[in-house]
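A.B. asks: Just so you know, the protein sequences line up as chains A and B, in that order.
Yeah, the first sequence ends on 328 if you go by our numbering, and it's all consecutive.
Yeah, the second sequence ends on 381 if you go by our numbering, and it's all consecutive.
Hint data in this document are derived by calculation from the structure and do not stem from the laboratory.
One or more of the hints may lead you astray.
Said to hold, decoys possible - Footprint (simulated), chain A over chain B, 3 or more residues, beta carbon under 8 Å:
1) 274 to 281
2) 360 to 374
As the list claims (entries may be wrong) - Some residues of chain B that are not near chain A, with every Cβ distance over 10 Å (derived):
3) 89
4) 116
5) 127
6) 320
All C-beta atoms in this analysis are idealised placements derived from N, C-alpha and C, irrespective of residue type, glycine included.
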Amino acid sequence: MDTQNTILQIDHLKTRFKVGKKTVYAVNDVNLSVARGHVQGIVGESGCGKSVTMRTVLQLLSPNAYIAGGDILFAPEPGGDAIDLAKMDRYGEEMRAIRGQKIAMIFQNPMASLNPVYTIGSQIMENLLLHEKVDKEEAKKRIINLLAELGIPEPEQRYNEYPHQFSGGMKQRVMIAIAMICNPGLLIADEPTTALDVTIQAQILRLMLELREHHGTSVIIVTHNMGIIAEYCDDVAVMYMGRVVESGTVRQIFQNPQHPYTRALVRCVPVPGMPKTNDLETISGSTPDASIAFDHCEFEPRCKFATEACRKGFPQAVECEPGHMVSCFARGGQS
Amino acid sequence: MRQYFIARFLSIIPKLLVITMLIFFGLKLLPGDPLARLVNPEEMSGASLEQMEAKREELGLNDPVIVQYVRWLGNMLKGDFGYSLTSHSPVRKIIAQRFPATLEICGLAMIFAAFFGLLMGCQCARHRNTALDYGNTVIGLIGSSFPGFFVAMCLIMLFALKLKWLPTGGRMTVGETGLLARLKYMVLPSFCLGFSMIANVMRMTRDSMLDVMNRDYITTARAKGEKEGVIFAKHVFRNGCTPVILLLIGRFSLLVGGSTIIETVFNYPGMGMLMITSISASDYQVAMMVLLLAAVMVLLLSAVGDVIIALLDPRVRFGKA
């Protein structure tokens, strides 16, 4: 792994859930590489395993979930050694030292992500004091400065207020403050704006870009919104049924989509100025049941280009242009 | 915050007025001469009809009912609860003896039920669907499904008659009246009262904690790198114990009711026993006052419960649920 330019590299990751006697194959074979200092987008429809993949990175999984294989290599320092997060004990000291300090995460629903009984100041403080030895006065000053930087008006006063006194957008800013207070190298935003209205969405996403500028943080944005990917990300990975089917720069994916699924995703979003007579493309069918293990390409049942080869196995990723990977038999993939 | 507390305690007053009114009119409806309940009967023995009529006028028994009610309320506030029909001593004196006794065993039972209910419930939540969870549930179910008097008799047989560790009943021995000396008389009745509550408290604790453990803010705490034990103590417990506190407070009134049986079994001179003896002896004045006191207790406790919840949860404090 090139730790100079890569901060996170996920290899053949598999995450599964035990639900009664059934096994849910949420993440089947994810290969993903996040460039240092970049904003990486992860896109896919609901239930394709994008959130589970990101939660697996920090092992913030429910007790019935387990990692069935693969590596999550994380390199906090450029040129330094990479550590394998997938091999760590979920409740162990090593993992806890990573969480909140080296890799921080913000979640989909800011309304429910803050503990209602503590002031927001103390909730940010909790993260800071867990990882750094600072005295409380100093810590408070740092938190207030960060709140101001994140565009929260009257931060001194807001410091002592409770989550229910904040609006949704402000709560998400507080969540970002919790995530950023220890200056993590990587910020994972799991659908950070899905629960917010469109104007607030733009503010929050722009804020995350600013953080990248000022703190050099690498960012992963998980979303199902192609517009967000196009506007805020450098690179993008397209996921389908627990696999990354295509990845590359935003320009590559949008201008030259290769995988049939990506093509459909790109074409199902209306573009301003497109002729009114154009039909938007739809993807027929729905995602298969994740509790049934596939023995061949998961997209085959919905794919217009499926051939006999697609029913025989999984396509390996091929590089169709520099940095642009696609996994599809129709695009020259081999099983 | 202070405003909330004041408002909460002031809100007791109208409820109290309704209760006192019900009890006052209840007393009015009772058969017999009210004079007998209001005046020391020894003082009135051998009085002529004229004297009695004069006394009646003096006490205002011929006044309109509302005036009488207000006067009665005033007397109550002064601590004048009337006289017992059977023992002829002031009701205030009788209650002053019995009330602390019941408060002691009910209080101890509450502490017992709250401690073990919360402890076992939290264990169940943290180790859900394991042997510990099922074991605790079984213990709790035994407590709630065996009737109190049965458990009481079993305990008397074992600890009082066989092992002779604890007395079979009563409240204190002559010459030993300190709290510590009374404690050995309190243990068994309190245990019986509390045991029946454990299952409820435990179940409520378990479900409430599990509910909180699945909330998003617990994942946030975990994402900060906080230890599991700290997450439970700091983030789960404080949010999860609110419904349990409400349950405990609500149960306290049932506890006072349940203590009638337990007090009878243990021959423990508390309010429950007083209630039984006064009703069977048609001593209405005493029975009504016991009722009134129980009602006041329930009102006060529910206010205390709300205050505790407000201290735990800022959304309640700031008037937004």
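A.B. asks: Each hint: holds or not?
C.D. replies: Each hint tested on the structure:
no.: 1; hint: 274 to 281; result: holds (count 6)
no.: 2; hint: 360 to 374; result: holds (count 3)
no.: 3; hint: 89; result: holds, 49 Å
no.: 4; hint: 116; result: holds, 59 Å
no.: 5; hint: 127; result: holds, 49 Å
no.: 6; hint: 320; result: holds, 38 Å
The structure meets every hint from the earlier list without exception.
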